[in-house]
Amino acid sequence: MGFAIGLLVVLAAACVGASFVTQGQSAAWYEQVYGAGAARLILGTGLDDAFHSWWFLTLTAFLCGNLLLCNLTRLKPLIARTRREADPAAALAGPCDRSAEGVADPLPLFERLRLPKPKACESEGRRALFSGKNRLGLWGPWVCHLGILLLILGFTLGQLTHREWTVYGVPGDTKPIGDTGYFLTIDDFEVQLREDDTVSQYVAGVTVFRDPQGSTTVPDSLSATVSVNHPARLYGFKVYQNSTGYAARVSVDEAGTPLQTQVVCAGEGIEIADAPGLRVFLNAFYPDFYLEPGVGPRTRSGRMDNPAYLYSITYRDQMVGMNYWQEAEDPITVNDYSIVFSEPQSYTLLQVKADRFQGLALLGGLVTMLGLLLAFYLLPVRAWAVEQADGTWTVFGQSRKGGALFREAFDRAVKGE
Amino acid sequence: MTMPLENLLFYGVLGLYFGAMLLYFLFVAVKKETIGRVALWVQVLGLVLHTAAIVLRGVAAGRLPLTNQYEFASAFSWGLCLVSLIFVLRFKFTLLGAFAAPVIFLIIGYAAMQSKEIHELMPALQSNWLGFHVSTAIIAYGAFGVSFVLGIIFLLRERMKGSGFLDQHIPSREKLDMLSYRSVSLGLLFLTLTIVTGAIWAERAWGSYWSWDPKETWSLVTWLVYAVYLHLRIRRGWQGKSAAVFAVVGFVCVIFTYIGVNTLLPGVHSYK
Ligand code: HEM
Numbered sequence: 001m002g003f004a005i006g007l008l009v010v011l012a013a014a015c016v017g018a019s020f021v022t023q024g025q026s027a028a029w030y031e032q033v034y035g036a037g038a039a040r041l042i043l044g045t046g047l048d049d050a051f052h053s054w055w056f057l058t059l060t061a062f063l064c065g066n067l068l069l070c071n072l073t074r075l076k077p078l079i080a081r082t083r084r085e086a087d088p089a090a091a092l093a094g095p096c097d098r099s100a101e102g103v104a105d106p107l108p109l110f111e112r113l114r115l116p117k118p119k120a121c122e123s124e125g126r127r128a129l130f131s132g133k134n135r136l137g138l139w140g141p142w143v144c145h146l147g148i149l150l151l152i153l154g155f156t157l158g159q160l161t162h163r164e165w166t167v168y169g170v171p172g173d174t175k176p177i178g179d180t181g182y183f184l185t186i187d188d189f190e191v192q193l194r195e196d197d198t199v200s201q202y203v204a205g206v207t208v209f210r211d212p213q214g215s216t217t218v219p220d221s222l223s224a225t226v227s228v229n230h231p232a233r234l235y236g237f238k239v240y241q242n243s244t245g246y247a248a249r250v251s252v253d254e255a256g257t258p259l260q261t262q263v264v265c266a267g268e269g270i271e272i273a274d275a276p277g278l279r280v281f282l283n284a285f286y287p288d289f290y291l292e293p294g295v296g297p298r299t300r301s302g303r304m305d306n307p308a309y310l311y312s313i314t315y316r317d318q319m320v321g322m323n324y325w326q327e328a329e330d331p332i333t334v335n336d337y338s339i340v341f342s343e344p345q346s347y348t349l350l351q352v353k354a355d356r357f358q359g360l361a362l363l364g365g366l367v368t369m370l371g372l373l374l375a376f377y378l379l380p381v382r383a384w385a386v387e388q389a390d391g392t393w394t395v396f397g398q399s400r401k402g403g404a405l406f407r408e409a410f411d412r413a414v415k416g417e
Numbered sequence: 418m419t420m421p422l423e424n425l426l427f428y429g430v431l432g433l434y435f436g437a438m439l440l441y442f443l444f445v446a447v448k449k450e451t452i453g454r455v456a457l458w459v460q461v462l463g464l465v466l467h468t469a470a471i472v473l474r475g476v477a478a479g480r481l482p483l484t485n486q487y488e489f490a491s492a493f494s495w496g497l498c499l500v501s502l503i504f505v506l507r508f509k510f511t512l513l514g515a516f517a518a519p520v521i522f523l524i525i526g527y528a529a530m531q532s533k534e535i536h537e538l539m540p541a542l543q544s545n546w547l548g549f550h551v552s553t554a555i556i557a558y559g560a561f562g563v564s565f566v567l568g569i570i571f572l573l574r575e576r577m578k579g580s581g582f583l584d585q586h587i588p589s590r591e592k593l594d595m596l597s598y599r600s601v602s603l604g605l606l607f608l609t610l611t612i613v614t615g616a617i618w619a620e621r622a623w624g625s626y627w628s629w630d631p632k633e634t635w636s637l638v639t640w641l642v643y644a645v646y647l648h649l650r651i652r653r654g655w656q657g658k659s660a661a662v663f664a665v666v667g668f669v670c671v672i673f674t675y676i677g678v679n680t681l682l683p684g685v686h687s688y689k
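Protein chains in written order, with the numbering used here: chain A, 1 to 417; chain B, 418 to 689.
For the record, the hints were derived by calculation from the structure and aren't laboratory data. Since the structure is predicted, the reported quantities are computational estimates derived from the model, not experimental observations. Please note: incorrect hints may appear among the correct ones.
[Said to hold, decoys possible] Computed beta-carbon distance windows for the label pairs:
| no. | chain 1 | residue 1 | chain 2 | residue 2 | range |
| --- | --- | --- | --- | --- | --- |
| 1 | A | LEU153 | B | SER628 | 57 to 63 Å |
| 2 | A | THR82 | B | ARG652 | 18 to 24 Å |
| 3 | A | ALA389 | B | PHE508 | 57 to 63 Å |
| 4 | A | LEU291 | B | SER628 | 35 to 41 Å |
| 5 | B | SER628 | A | ARG356 | 16 to 22 Å |
| 6 | B | ARG652 | A | GLY65 | 18 to 24 Å |
| 7 | A | TYR377 | B | LEU681 | 49 to 55 Å |
| 8 | B | TRP458 | A | GLY65 | 30 to 36 Å |
Virtual Cβ for every residue (Gly too), placed ideally from N, Cα, C.
So that you can see chain B by itself, here it is in the shape it has in the complex (with noise of 0.2 Å):
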């Protein structure tokens, strides 16, 4: 069963995503304030559809849409642009904004390449603790997202003359580490809990609440890349790039957790 009035929201949200980009990268070549602005509420309006079609989508099949690679790419993307929105609103950085709008476009362009179907559930996946294990992947996913962009601009920030733009738009070296931080936070608290409901769950449905699969072997990767992080921003000297650079491997986990492990190594998380 597919559902064509989600289809339509769904590339309607699509082409948001992809008109915000856009013009973001309008509002970093011309320089004008308002474009960034339109930009912005662009992919507000973009976020507003884009939890419509997921809504609809869990009311049509009953249930969380978050059990297959589709719907789990599109509230990948729905969440990342979520967290980037936050951060942009409340730190005043619409660069992170143009920043990130590649990254969303991205995600949820590869959700457009999955099939749409709506399954029943096998019985392993019709669970609560499923629910809660794939909304709070959702959210450190989307707050590491952020991370990323954000040690992706302290790096490139390095190599960049300074110009009246960017020192306007880009934060200081410090304070670019301190959100980088609490992105990170957020992402380590969420994927920890993930973990945890992951487990529950996983000992519910199998028996066994740790199996090394591979998809739990790379999310403990991906946790323990970001306990790296986090030490090295407590040692003096090392906070800033090397920081940063960990916040950029860590999301490249966090991406082979998500895609890299389904396709290229065998795991009971690959349902097919």
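Bound-form chain A, shown alone (with noise of 0.2 Å):
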């Protein structure tokens, strides 16, 4: 036990550490931080992935291989302590916590201890009583132990093996989710505002299908709506409606014909389809657009009433040009391109996940607290009544856990109370 408390205290010990490093930046970030030193002992331990280190890691299998040794050693002794609990034979032969002389009628004794009605039996010839309560109670270490077990392991392989994609796009557009075969389609996205501008729910409707594989017939296909807080589970998948952003269609004609168009997402950009290395960039766009002196463009709100676009051109990744455009202005030209800007809409950013082991690590939780509540709630309390040569009754009275609390509760039973 006592090496399981030092463990206990090193873990949280570790924790606090860790929690004082911002976790997972880059050596460079360290450095200008916390300065080359700090930064070197830092990185030299492990400190920017705490908790993923060999050190935590460390801590944790043994934290678990104690727990799992804890538990099975107890195993046996716990089964014939609760066989024990509920012996007359045991509970008359072994020590109490509180005894009363004298008790002319026990019963009402052991109802005001809120015991089921005792058992008859007898000790050295004389008759007794017996009753106990909450043996399951004994369980409650046991089964707090086998939760935690259960949630590091339903984390630990969670960890190992869950698999996590980003899907995003505009309704309309189908993706591939990662290489597993199947696809999204973003079905429609709204994003909701109430009347104060605030966005009160992003909504979008999704489809997950497998790869027809060049096959005509329609896919089986699996649909859904999903919103923070609320995702859904898509062949085995998991999709979470995760963040947003702009997008907007970007057209480029050449010498007054057509050339191309295609809806991007802020951030994106297209190659002229003519031009190799030629590349317009969507960097950003402000639906409700005010330039702000000193600091460039905003927007004041999320409605579309004065839209502008933030874009950018280069060259074979040189910068030609950037600025911000509205609608009402004449195309941008480049050579013989001219390009334009419309349609602005939210893109969704969906998160796709497949973590079989959430489930394992959930159960884990709820018999940890299952066990807590049986260690805390279920007080095994044991009563035993022997009568005496004079017809009276001693009474007494055992509780492992209860310690003053239930040699209060017994004297007040005793007194009547």
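Make one complex out of these two single chains by using the hints.
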């Protein structure tokens, strides 16, 4: 037990240490923020990714080993104790926490201790009564430790095997879910606003289907609506509405004739079909645009009041130009090409996840809670009474975990309270 | 949007908790039972009005009023007041009320310094799981607050010379330890529920049920500290004083998880 306590203290200390260091940054970032010496220490000890570091995993492994051993070695004694707890002979031969002599009628005392109706038994030839409750409570710590093991197991297996993808786009887009052979179509997407312009919800309609492999038949598919806090499970994938941003259609004309058109998300660009190396990017979109002096483009609200597009043009990765553009203006021209943006819309960023062990972790959490409930709220209590030669009874009470509170309750019961 | 009536009630409650605290101090100073009883009932009245204020705000906002610093701090002091009153009444331990009163007042004082505006919720916060998560946290924090106060009383008792008044009003070491164990048990059960419901909510809102965000990490630290407390208690010879120290340290972790993490460490829980 001493080792277990030490382990829990060290684990807590490790978590405290890790919480003070921002996790998962680059070496340069740590050098800039903490200085060269501290950065070397952080990177050398793995404090930059503390919860996956060898020392943290070792501590967790020790914790699991300890819990497992503890539960295995305690199983047989625990079964024996549970049996003994209900055995009048064992109780009569063992110690008690409190007793009362000269009780005329012991039955009301059992009742006041909220014990079940006592069973008649015998002690050295005398009449005796025995009752006990909450034996199951003995299993509390064991169940709690089992729950912690399941939880850590579920979490670890999940970390090792889960897969995660990001899919983003505008309604109508179909994108592969990684290399799984499944595809996701964004059927629709809506940013719901309240009257005060704050966002009340992001709602996306999605369809997931298997790779049709060139077949002309409509593939099996499953559809669902997802929004923040309401993910959907489709074919073992869980789809979460995660984030959003702006997208718009970019159209390119060459000498007056349409050349190409495509919807791009902010941050993305297209390469002009006729001019390899020449690219147009939509950097950002401002629905309710204004120019803040000294700061740059801004948006007042999420409403489409005075939209503007911030774009850039590069040639062979060299910046050619960057500016903002509004639909009332003339097209942007580069060589023979004229470029316009239109159809501003929101794109959705969906997170797609597959973690088969999430349920195990949840089960672990629930079992841990059940164990705590048993350990704390089913306190085993026993009482027995032995008839004396003068016809009165001596009553004994025992509760290993009840302590002073049980003794008080016993005394109150004796006094008839 | 703010609510004038709720505001009025809130400051009334603040006044009542302050008054109860002063009365409790007076009770200890002049050792008059009646004053202790009046302090207790002033606190009960404060709790009743506090409940009304919280309900009123909930009705006005159309949701559980447990989503920003003000609302949570107010609910935290409510939870501590509730759990401490339950212990005071159930175990006839008026002095516990006297020790809890300053902590309750400090927390509601912290609430008074926060913005009382009622805001619409961002989508991630619109979840029933969040409601469970925060409600269970309030009970857990309230129970841990009581074990903190009991720990302090335990440690002070060791230093105080016995006087008739104190002997009469402070239970035996063993009973104090037992009461502390009862409140830590309640707290740990509810903290576990808080963590589980929080994980379920995080999974639904962000797609990941545990991401070692500082608030999560600190709730785990708190959980571990109370686990240490439990194991210390069942070791022979470690009951009492060392357990009391851990009950105090545990609540320091609770407060750090609640305030320190939001102000000192970055993470998804610090909604501004
Ligand atoms: C290294 C890991 C651990 C070991 C070896 C360990 C071992 C033990 C042992 C031997 C007991 C006494 C059982 C009995 O009296 O029947 C116990 C009790 C208990 N343990 Fe653990 N434990 C560990 C971690 C934890 C953790 C992380 C928790 C989380 C809360 C926990 C919760 C409990 C509870 C609730 C009890 C019952 C205490 C009481 O009823 O007063 N244990 N543990």
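Verification of the hints:
At roughly 19 Å, the beta carbons of LEU153(A) and SER628(B) sit outside the given window of 57 to 63 Å. At roughly 23 Å, the beta-carbon separation of THR82(A) and ARG652(B) lies within the given 18 to 24 Å, and the hint holds. Remark: the range hint 57 to 63 Å for ALA389(A) to PHE508(B) is contradicted by a beta-carbon distance near 39 Å. Checked against the hint of 35 to 41 Å, the C-beta distance between LEU291(A) and SER628(B) comes to roughly 38 Å, which is consistent with it.
For the hinted restraint 16 to 22 Å between SER628(B) and ARG356(A), the CB-CB distance of approximately 19 Å keeps it satisfied. Between ARG652(B) and GLY65(A) the C-beta distance comes to about 20 Å, which sits within the given range of 18 to 24 Å. The hint said 49 to 55 Å for the Cβ distance between TYR377(A) and LEU681(B), and at roughly 36 Å that hint is violated. The given range of 30 to 36 Å is broken by TRP458(B) and GLY65(A), whose C-beta atoms sit roughly 54 Å from each other.
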